[in-house]
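Colleague: Since the structure of chain A is provided, determine the placement of chains B, C and D on it from the hints.
Below, each chain spelled out in residue letters.
There are 4 protein chains.
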Amino acid sequence: DDAVFFKGIEKIPYKPDAGPSESLVYKHYNPSQVVRGKTMEEWLRFSVCFWHTFRGTGADPFGFPTLVRPWDDGSNTMENARRRLRAGFEFFQKLGVKYWTFHDRDVAPEGSNLSESNQNLDKIVELAQELQAKTGVKLLWATCNLFAHPRYMNGASTNPDAHVFAYAAAQVKKGLDVALKLGAENFVFWGGREGFHSLLNTNVRAELDHMATFFRLAIAYKKKIGFNGVFLIEPKPKEPTKHQYDYDAMTVIAFLRTYGLEKEIKLNIEPNHTTLAGHSYEHDVVMASAYNMLGSVDSNTGSPDLGWDTDQFPMDVKNATLLMKVLLRQGGLQPGGLNFDCKVRRESTDLKDMFISHIGAMDTFARALKCAAKIFDEEVISKQVEERYKTFQSGIGAKIESGDTTLEELEEYVLQNGEPSQISGQQEHFENMLNYYL
Amino acid sequence: DDAVFFKGIEKIPYKPDAGPSESLVYKHYNPSQVVRGKTMEEWLRFSVCFWHTFRGTGADPFGFPTLVRPWDDGSNTMENARRRLRAGFEFFQKLGVKYWTFHDRDVAPEGSNLSESNQNLDKIVELAQELQAKTGVKLLWATCNLFAHPRYMNGASTNPDAHVFAYAAAQVKKGLDVALKLGAENFVFWGGREGFHSLLNTNVRAELDHMATFFRLAIAYKKKIGFNGVFLIEPKPKEPTKHQYDYDAMTVIAFLRTYGLEKEIKLNIEPNHTTLAGHSYEHDVVMASAYNMLGSVDSNTGSPDLGWDTDQFPMDVKNATLLMKVLLRQGGLQPGGLNFDCKVRRESTDLKDMFISHIGAMDTFARALKCAAKIFDEEVISKQVEERYKTFQSGIGAKIESGDTTLEELEEYVLQNGEPSQISGQQEHFENMLNYYL
Amino acid sequence: DDAVFFKGIEKIPYKPDAGPSESLVYKHYNPSQVVRGKTMEEWLRFSVCFWHTFRGTGADPFGFPTLVRPWDDGSNTMENARRRLRAGFEFFQKLGVKYWTFHDRDVAPEGSNLSESNQNLDKIVELAQELQAKTGVKLLWATCNLFAHPRYMNGASTNPDAHVFAYAAAQVKKGLDVALKLGAENFVFWGGREGFHSLLNTNVRAELDHMATFFRLAIAYKKKIGFNGVFLIEPKPKEPTKHQYDYDAMTVIAFLRTYGLEKEIKLNIEPNHTTLAGHSYEHDVVMASAYNMLGSVDSNTGSPDLGWDTDQFPMDVKNATLLMKVLLRQGGLQPGGLNFDCKVRRESTDLKDMFISHIGAMDTFARALKCAAKIFDEEVISKQVEERYKTFQSGIGAKIESGDTTLEELEEYVLQNGEPSQISGQQEHFENMLNYYL
Amino acid sequence: DDAVFFKGIEKIPYKPDAGPSESLVYKHYNPSQVVRGKTMEEWLRFSVCFWHTFRGTGADPFGFPTLVRPWDDGSNTMENARRRLRAGFEFFQKLGVKYWTFHDRDVAPEGSNLSESNQNLDKIVELAQELQAKTGVKLLWATCNLFAHPRYMNGASTNPDAHVFAYAAAQVKKGLDVALKLGAENFVFWGGREGFHSLLNTNVRAELDHMATFFRLAIAYKKKIGFNGVFLIEPKPKEPTKHQYDYDAMTVIAFLRTYGLEKEIKLNIEPNHTTLAGHSYEHDVVMASAYNMLGSVDSNTGSPDLGWDTDQFPMDVKNATLLMKVLLRQGGLQPGGLNFDCKVRRESTDLKDMFISHIGAMDTFARALKCAAKIFDEEVISKQVEERYKTFQSGIGAKIESGDTTLEELEEYVLQNGEPSQISGQQEHFENMLNYYL
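Protein chains in written order, with this note's numbering: chain A, 1 to 438; chain B, 1 to 438; chain C, 1 to 438; chain D, 1 to 438.
Some hints here could point you the wrong way.
Treat identical chains as interchangeable: a pair holds within one or across any two.
[Stated by the list, open to error] No farther apart than 20 Å at their CA atoms in a straight line, the calculated lysine to aspartate or glutamate pairs in the EDC-like style are these:
#, residue 1, residue 2
1, Lys174, Glu419
2, Lys370, Asp316
3, Lys174, Glu116
4, Lys174, Glu412
5, Lys181, Asp122
6, Lys174, Glu408
7, Lys138, Asp350
8, Lys223, Glu408
Hint data in this document are derived by calculation from the structure and do not stem from the laboratory.
So that you can see chain A by itself, here it is in the shape it has in the complex (with noise of 0.2 Å):
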């Protein structure tokens, strides 16, 4: 099938002197580009995700769909699941990306039951299989759709009725089966509906033992077909759910931990989950790495003044260096990358948005990526916040560091060395600086 759905668009060309009404363009974002001993393309791997961008309708809790796309006749058949997934790859291809994410449900249509839809799902990997070799697009991770069938209603893993569980594993299986077929290089659990709408008809506890049971059970399963993607869990303070399990990293972190879980799951971090978490754009991406479990991130932001999630491109510089700056931190991402799980706005309704969008945030980013660069190699700021903490490489610092003391002993040396001299945070200088990077 050699049908061409974005006619008109070429392959986007990297043009840095581009105009600001020039829009199918890279103004930034130049893969091969080495940027602190990798290519951008190695740094950024960045992911195209299925779901918003081919299966997106446009619809919200107030409005029908506005997205019609040429491609899709709305039908729930095989025919048209085959032709979004040319569409897509076409898309990923004419972008320049080399990863692209999808749930089970995105791709090939749900039967009237398992077999049916296990059957669906095979047939439309095979043409998966076949269109990444030809493209050499890669798959970043899969993930299993386990919130928006009625089933699920009251959850998968932490549903109160076990057969509901049952068949949210049974969908796992064959999503670690597609996983390692596509060669997926990581695996995520989002529990959308894994928390609770009232604690009045909820038993908590039981609830979270079913769900590290959930994962204890894929664990298993992975390991005995062979499957070496990374497990990912991605956090969500709430909706669907009024709470949901995964409230953020640290909720996740707190579970896995409780549950010995925390060898085999990583985390996938979505800033815009974070900021609807109460906490800053890169807060969970900052924690997440601090306790050396960051494994992936959703670059997508939503609006702070916005109560719900957006999945809006990412479009802020300044945001996207704080998060870069831990990208270069930690030597990079990989097996994980930048996965847009972002939705063009309803109102976007030219397919030229489709790629509008998508090359606005990847220009984003590598502006990011080229002013965090900049500041790792020049070091003044990090020289600057090493110097803040000098204290504690010698004297009563460094037996604090190495724990090698006693309340008593610290006593002695304030008795001994009176009160701390007054050191500025300088705030707003490193403020400054930043801004001068930027």
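Modeller: Using the frame of chain A, we list chains B, C and D on its own:
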């Protein structure tokens, strides 16, 4: 010293038939009344905090002090400190609570150096011992103020300067000595400055490591001196810092488990902090209890429409009932209690407002205890919750419950049994039942 | 057509001694019970909304429909529309409410062009007339859906395309004709898409001017056809747009007064929208009433910890009492009412949940009415509030009250009389008094 | 008095090629540089506020003062007041700003009664006149502190006690006299305590009426004495009160128009207050400008994840650009300006941090001015916005624009012309264009 500070106010009586304007009586709190096998006093373990109630001035970021107390000359003298303490114990007794709480610096003035501060504290502690013995009022918990003095502006145990770490350590050493002497049943750590205002000048991992070391040193000293009180961390998301490391219950659990401290430290939950973290009022109490980490409760409240800590007296019977349900389920809070970390509004300037506010909160919890007890006595709600999870008691559910199954077996179950039935979550029905009991 | 849609459910009786699990009875709402000179039914003027209760599917941004109704085949046919309407009137009658509300597109399917849509609507309106006559259920208000169709994605009256403005105008013309025919007591405008997602592509002033023109045209037409219902704007801060021009009560008042429309339009306040705007639950009801602009109330609620519109049934007696206090003070809401713009949770999938949810909310308001009435009957609180302001009744206060003074005179007063006395605001005392009545 | 308070710091030079760590230079702000026909200095009209920068102590609700200034002995003496003022003018000059702002009580100590306070103020105003004359620094605006003194705890003009109203009136009378004497270009009212903590003890309408009377009296006096400065209300949603009557721009406009004050008073917008009200950073500036009510701007910022007023220095070039776009469009802010109602972090304890923070903010606005100017110069964005609304320039759109049409005519238009075409809103394209200019 037999001065009477609250002239014209006698011990607050229980008078269930009092009218709306009769303010110096309990209409619901009857300490000796037995509820589900314990007296109200045993269940509720109310405690008055010294800081807000005897050191609060009514100042706020935009206004000068409004609360002028006749016994307090505003000076930093020991004599003033003693008078305040005597006034405090008169208040505790007239109110009829059995516990109090304080920070080291609330009760005794900070001296010009550590030795002097410690000597001041020692002298006041002697008076406190005497007053405790005389009145029978006990110390629910002590804590150290590691946030108000300018030396702690960049953190105490997480300060970039080791000298400040040492100072905080010395202060906690003394705090533990004092706690032991006064028979404190718990010891609280609130890390008001343990966090950051800007990530630009901060090494997060280093600071977390130092904080863990700090707790390890305190635990070692506690054991050495034979202090048996429970260590409690009080989570708060932000304010005064932009981000506090002890963000909420789950964040603290993640920290404790990462550093192997989870057996030595429990949580003191303040619902006003919980709501500032974006959760519902009862959320952290529920989660801490579900994780067996709930040690004590700071029973104050905020306004859901405000983004800062207002430390209001809890007056909402529904919220208090949700909290008492958790307490009844886990058999009470002892050795923890319900500490009023509350302050009268700065506009509530009459001496009697001090009583009225505490009485209102105590009556609210007494009503809540009666409501929650009736819910447990009648078992209507709990049985309907149990019913929701009954599929986990046999068959495939029991296998999941025990963890003794596999994804393959669960898939097979679904292939045999098809789609689960739809079961209503009945949230509104549960809400109506709760309203019945309020 | 005499089909019975809610088999096994009879008219909901008043049974004040029913137990917690007895769900299909009123325990508090007794329509004919007289409270302060009117019946409960006259004070409360409950109305069921057609959209949530008969068109809601349980779909959310992350999940497919869950609510399957036996009378609804999911088709867009007139036959289906008629069946839904008949089911609706059976529900209204069995529940025992006297009012309903709808959007044009809720009751009749949109056709392939405006004429066809209007014809569909005409036919359904005939049936509605018949059912209204037969049952005595009346139309509290009608409204036009100017937000769901893709044509309105960039706004209706504020759309950058004049053609869309015209379409919205045509739709409102028909809506007013229908409202007249069905005897609607009010007509509501909710500007769900009147706002912006980005200021970058928006001319705010032009859009506001167009919105004002739209209202002027509707007012002219209303007068021309002799429709006497009250025009109401329903404020909402955001969602689906990033920012809605009708943000909250005060924003709408500013708009109306700027464009000279304040005599022709009042407000329909929904407390869930109020809390999303950052205010307390009762705030906009209080402010609209203080400005003599309160026309009607959408009596639903949200969760204070959630940032989107959950349209939950109001179950909090304290909040409902605060609202009923305002209604009693202004002598009721007529010709407005308490419309339930509420939806059952998508997990509340049983038919009886439709009743249980409305019953719970109606009982909540009936309790609230009784509480508020007692507060007014006993006058304890109101007299203490009056007392606070008594200085404005004489002397210099009376001069201020009348406006008949000058800064010079007031300065002279202070020079003569010195510093004012400190007067406690007694907030906690007032809170305790409120609790007494709950 | 020729003391030098900032030893070692000279007038801050413009040095565009300075490095990241070079902190006492402007890299972008070049006062005499001409941008779109005016100098930077003329466009930006920067002003330093006296309260934060010379009276701020670094105290917060959880911590004692940290900021110790060598010229300030902490006393309440006139001598200290004079020294602070001299230090202030040295700072203004070295920084190179042309304006300052103050509250009456910032500059002169409150005396033991009104006469004494006024005398103190008079003496300081003499010195201020002298320093203004000597340095050329002018007064952007003056204001009265009607919120910090305990007498105002229940409000100033909205206090339930008429005596307090009178006191506030007397204070404003003096404030206006002073403003006249010092040639203030504006006079600001910030109603920090004009609102409520609880609706239970509050008569909202009475308080609003009193507030309106207060403004009427001030307007009368202003005219009487011939003070020509612009009256400005500064909205803030909450803090210190639970709810402030001047919630946001639109709320103030509703108030002004309801009481017929809209011709006498404009708005002073602080974006940090705007975000606390739930809007985006630039929202109130945009709305106030659209309603022709924008008088001046307090150019500080907050953190979107914090729920209280942090009064941080604005360092975000994107946000500042959005603001400068509005200012350029309305031809500047004069006689208003960009007042830095900002405070150094309490941890930024060095004297040079005072400079660094202001420099960073001024450079941010200088960059923003250049970006916004380029956007206007090139006209790419503005023309694309115009294009969106072009249908209102002819045909049916022109009729709508003029208001000269009817619902009937518009219906006829739709019947003739059918469904509007779908037109993409192109939000991401506009975002990309903005990024091009940053």
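Colleague: Compare the structure with each hint and give your call.
Modeller: Checked hints:
no.	hint	in the structure
1	Lys174 <-> Glu419	between (64 Å within a copy, 17 Å between copies)
2	Lys370 <-> Asp316	both (14 Å within a copy, 19 Å between copies)
3	Lys174 <-> Glu116	within (12 Å within a copy, 48 Å between copies)
4	Lys174 <-> Glu412	between (63 Å within a copy, 12 Å between copies)
5	Lys181 <-> Asp122	within (10 Å within a copy, 57 Å between copies)
6	Lys174 <-> Glu408	between (59 Å within a copy, 10 Å between copies)
7	Lys138 <-> Asp350	neither (27 Å within a copy, 45 Å between copies)
8	Lys223 <-> Glu408	between (50 Å within a copy, 13 Å between copies)
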